[in-house]
Amino acid sequence: MLFHSQPFILGFLPVCLAGCFLLGQAAGRVAAHAWLLAASLFFYGWWNPPFVLLLLGSIAANFTLAEHILRLAAAARHAAARRWLALGVAANLAVLAWFKYADFLLHIAAPRAPPLGIFLPLAISFFTFQQIMFLVDSARQDRAAAGPLTYATFVAFFPHLIAGPIVRPKDIIPQLQHRALAPNRDNLAAGTMVFLLGLAKKLVLADTFGGFADTGFNAAATGAHLTLFEAWYAVLAYSLQIYFDFSGYSDMAIGLARMLNVRFPLNFASPYQARNIAEFWRRWHITLGAFLRDYVYIPLGGSRCGAVRRSANLMATMLMCGLWHGAAWRFVIWGGLHGLYLVACTQCRFTLRRAAAQALTLLAVVVAWVPFRAASGTAAVGMLAGMAGANGIALPQMIVHALPWLGWIATPVEVLPYLGDARTLSFPEVSACLMLGWGIVLLLPHVHTLSERARARALASSFAFSMQAMFFAPHVAPFLYFRF
Amino acid sequence: MHRPVPTKQEERQEQDQRLGRHGPFRRLCLACATSLALYAACFALVLDRPLSLGFLRQEIDARLARGAAIEGPKLVILAGSNGPYSHRCAIIGPLLHLPCVNAGVAVGVGLDYLFARWRPLLHPGDVVYMPMEEAQYVRDRAANALGPDAAIMLRHDRLTLARLPPRRWLGALFSYDLRGALMAVIETALVAGGFHDPRPDAIGESNVMGDHVGHTAALARANASVLQAATPYHPSAAQIRSGYGSTLIAGFIDWARMHGVTVIGGLPTGFDDSPIPPASLGAIRDVYQSRGALFLELPNRSRYPRSAFFDTADHLNETWQAIHSVAVARGLAALTAGTVAGKVPAAITAADAPKRTASPSIGIASSLAPGTAMAPLPATIP
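Protein chains in written order, with the working numbering: chain W, 1 to 484; chain S, 1001 to 1382.
Derived from the structure by calculation, the hints contain no laboratory data. There may be inaccurate statements among the hints.
Sample of chain W residues facing chain S (criterion: CB under 10 angstroms; computed from the structure) [said to hold, decoys possible]: (1) 185; (2) 189; (3) 192; (4) 304; (5) 432; (6) 458; (7) 468.
Every residue gets a Cβ at the ideal spot worked out from N, C-alpha and C, and that includes glycine.
Looking at chain S on its own, in the form it has when it is part of the complex:
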C-alpha cells in the first residue's frame, strides 16, 4: 500500500518528531553550543574588520616597529589620540635630543594592551610621557575588555592576549556584537572592491614617528560648529582615584620604576573655557606622584582656545600641536635635567624651537602635509 505524499507541514512535524527523540533539552543545548562555536570560529579565524581595526592595527604596529628600531634611550609618548594629535615627536625629540615615538592611537585601545605591547621595548634610561585623556583614568574594566584591541588580539595577536588575565581572553572572544559582525562583512567586501579610504584626505595621517600630521587649521574649519558646541567631560576626583584606568597606570608606573624607565605624567589638551576641576587635577597628579613618577604641569595646564583645536578637545590642530609640543619639550627638559641619561638640555627657550626644527629631516615643515603652510610659532609659548 502506497503511503500518501506528506504535506510540507507533515514533513516538518516528522522532522520535529525526529529531533524530539533527542530530547528537548538536548536540542536546546545543541543550539546554544553551536551558536558559541560558530561565533568563536567566525571571529577568531574568519571575519575581520580590515578598515577600522586594520587601520588601528597598522598604526599600533608602525609605532611599535619604530620603538623597536631605536637603540639607546628614547622618549615614548603614551596616551590615546591626544598623543599623536596634540604632540609632535618631530619637534619634541630633537629639542630633547632623544629619539621619540608617539605611541598613542585612540582612547578606546586598552591601556593594559598598550602597556603589554610596549613593556618589551622599554629599557633603562627610556622616558615615557603620559598625557592621558581624562576618560582613560575612569574607563571601567568592562569597557577596557571590549575595546578595539580585544578584536585585534583575538584575530591577529594571540600572544599578547595570552599574556593578559583570563578575563581579557573572554572579553576578546566576545568582542563582536551584531554591528561588528555586519561591519566585518561590509569592510571585507569594501576592501575586496578596492575601496578608497577617505580618512587621510579628511583628517590627515601619521608620520614615521607616529605624529598625526595634516590636521591643519584649514581642515579644522569644517569642524568649527562641532567644536563650539562640544561639552568636555571632566570626571570627578573620586572617579579618577577609583578608576580602573588609574589602576592600570599605577601598575605600569611600578613596573617602569623597577626597570629603570622614567615615567612622567601629564595633562591632556583641552579647552581653556573648560578647565579640569582642581580636585580632579589633583587626583590625576596623585596617580603619578604617589607612585614616585614625575608629573609635568604646564603653566596653562594644556588649555587652549577652542580655535586651536581640530575636531575634539583632545586634538589640537597642527599649528597648535607644534606650539604645545615646544612647551611640553621645555617642561620635560626642566623635569628630567640631570635625571635622565642622554643629552637632555636643561632648558629650552622659545627661540630654540623654530631654529631647531628648521632641519628638513626632522623639522616641522617636513611633517606637514604637502601644500600646507605652517603658521609661524608665536614668540611667547605657553
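Next up, chain W with everything else stripped away, as it sits in the complex:
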C-alpha cells in the first residue's frame, strides 16, 4: 500500500488510528500494540501477502537471537555474544543477499547463466538493517528491554517499514512502550501537516519532475543522442525527482508516526544546499548515513588508522551504500563516485567561497545521479556526452527567434524531441518547472525548520494541487525507494 494512494489515506489510515487509540484506551497497551502490529502486517501484505511470513520469520528469529545475545553480554560472556552476533548479522545478510543480490552475483560469476528470477520482497533492505542494529545494540547492551510484541510492532511499524527512515531501536522502542495511547490534538495536527506537505512533495513535485526525467533517460536508453539542454534538463529533473520523492516519503512517514505520538528522526535537511560532499551526506538520507557511519565505517576503523586506511574505509562504506540501493553496477558506480568525492573532500586543502563550494558540490552530486538513474552504462555515457555538449546544442526556433544572440551557440529546431512532451512550448514549460523546483530546494528551508505559519502557507499553496494529483491524475507513480 502506498502512502499517497486513496486506499491508504481514506481507508487504512483512519481505521488504523481509530483502532489504535480506541483499543489503547479501552483495553490497554498490549491490545493497542497488537492492533498496530496487525495493521502494519496488513499494510505490508497488501502488496504481496506471502512475504508477510518472511517478515514475521525474520522478526521472530532476530528477537530470539537478540535476547540470547543480550543475556550473554549481561553475563559478561562477550566472546560468545560476539560469535552469536556475527552469526546473526551473517544470517541477516545472507537472506538479504539471496533475495537481493543472488542474480547479480550469479551474473558476475557466470555471465551466461540464466537468471534465478528471485522476487525481491518489499522493504527487505530496511527491515534487515533495522534488525542488524537491534542485534548490535543487544551485544553492546545499548537498548531498552522489549517484549516480543513491542519488538515486532517496532520492526513492522508501518510508517517506517517500507522505505525508512532507518530508525534506531533504542530511539523508537521506548516511545512505543511509554507513549500516550490517547489521541493528542497537537501531535495529530502537526503529523497531519507534515504528512500533507510530504504528500505534496511526492505528488505535485516529484511526479512532475519524474515525467521530464523519464523522457530524457528513456531516450538515452534507446541510444538517442540528446543535445545539451535535453540532457541537462533530464538530469536536473531527476535530481529533483529523487529528492522530492524520497524526502516527501520521509516527511509522510514522520507525520504518520507523529499522529501515533511517535517521533522519528529527520531524514533530509536541504541536502542540495550542502557546501561539501561530507555535509551532503549529513543532510541526505540522514538515517542511512548514520547507520553506515556507526555500524560500518567506525567498526572498520573510521578515521583512527591513518589517511590511507580512512580513504579505504570511506570507499568501502560508500560502495556498500551503493550496493544497498540495488544489485546493479550502476549503484556500485554511484556509491564509488561518492566514495571518491568523500576521499577528495578529506584531502582537500583549499577553501572555496560559499556559493562556489555549494555549486561544485551540487555539480558532483548531479553528475553522480546519471549512472544511478541510467538504464545501462551505455545510456549513462550517452547522457554524460549530451551534458558535455558532444551532441550539439539545440534550442526551439521560437526561443532563438526571441533571443537572436542564442543563434550563435544553439541550432534552432522545431521542437526538442526528448524534452517534456516535445511540443512547441515544452522548453519554457520544463524551464519554469525546473526553476521552481530548484528555487525550492536551494533557497527555502526544509519543512522541519519552518515555523507553524510558514508550514500553513506551504500547505495553502500545495494542498489543492495534491488533491488534484491524488484524485484526478490518471497515473500514480510509486516511490522511487519503494523497492530498495
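Starting from the known structure of chain W, arrange chain S on it as the hints suggest.
Quick look at chain S alone, frame taken from chain W:
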C-alpha cells in the same frame, strides 16, 4: 520598564503562539480550505492558457459556428485529429452533395463534451461520420474528465459543463496540475508579449470547413524518422468493448437514432504494416452496428504506407488526405444511398474526384496552402 526588542525568532514564536490560540486543527483546516478556494478562483476566473487551450477552443468554436450556419442536412465528421488531418470536407462534401463540417479537433478532447456541443446543432437528416481513433474507445473515465475540454469549460463554457454529470464538474474544477498552472502564466505572458505562434508554419492550419490543410508531403519529410519508428497502439477487443469511450459513443448513437440523425462508424487511418487486429476491428464494428448504426469499412481498412502520413498514424499528409477522402466519399455514398435525405449519389467513381473537386470554390486546390502543389490523384483509389 521597557520590554527588550524581540529577536526575529521570538517574533516568530509569538506569531505561532497567536496562531496556536486558534487551535492546531483549525489552522490546518484553514490552510486546506484557503488552498482549495485560491485554486478554484485562480483557474475558474483568472488564469487561462491562451495558446494551447485557446487554440483548441478557437478550433472547436469555428467548427460549431460552421455547423450552426448550415441549413438543411449536413455531413459532420466527428473524431479526434484523425478527422481533420485524414479527411477533407472540401472533397467529401461536394462529392456527396452535402455541406460538410470536419468537427474533430484532438483525441484528448472529451467525447461527452464534443457530443454535448454538437447535439443542439444536429437535426433529422444529418449524417455523422465517426472515424474515431482506437484510443477514443478505451479512454477511461478519469482521463476523459481531465482532457483539455475540462479547463476550457471551467473557464469559458460553464453552460456546457452544467449539462454534463457532476463528476465532470469536479474534473473540470481540478483540471490544472502544477505544469498547467505554470504554463498558464507563461502562455499569458507570451501572448501579452506578442508571441508569434509557429504552429501554422510547421504543421499547416484549418480551412473554413474544419479540414486541416498545409500538412504537405514536403513538410512531412521532417517527421520521416519519427514515422518510421512509430509503434501504433491497438487496444484489445475486450478493452474496446468495456471502454468508457465506447459507452459514450453508444449513448450518442442512441440519441442520434431517436432524433433522426444517421450515424456511420468508420475506421481511423493507420499504417498498412500495422493492421488493427481482427478481434479489435470486430469490436469497433460492434460498437456501431449493435446500436443500429451503419459502419463504413473501406477495402483497405483505411491502411496506408508510412510514407502517406504526416506526423502520426492518425494524420495522413495532404496528398493522401485527398485520396482517402475520395474513398470515404465513395463508401459513404454507397452506404447512405436511398437512406439519407438529399442528393447523395449512389456511386462515385475515381474519375469523379479530380473533376468534381476542380472548382476553385470548393476544390482541393483552393484548400492547399499557398505555394504548394497538390499531387495528382492516382487512377485507382483504394
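Hint check:
A least Cβ separation of about 6 angstroms between residue 185 (chain W) and chain S falls short of the 10 angstroms threshold, and the interface hint therefore holds. Here the hint on residue 189 (chain W) is kept, as its CB sits about 3 angstroms from the closest CB of chain S, short of 10 angstroms. Hint status for residue 192 (chain W) relative to chain S: holds, with the closest Cβ pair at about 6 angstroms, below 10 angstroms. Hint on residue 304 (chain W) is violated. Least Cβ distance to chain S is approximately 39 angstroms, over the 10 angstroms limit.
Residue-level restraint check for residue 432 (chain W) holds (minimum Cβ-Cβ distance to chain S is 4 angstroms; threshold 10 angstroms). Taking 10 angstroms as the C-beta cut-off, the interface hint given for residue 458 (chain W) holds, the closest approach to chain S being about 8 angstroms. Hint on residue 468 (chain W) holds. Least Cβ distance to chain S is approximately 4 angstroms, under the 10 angstroms limit.
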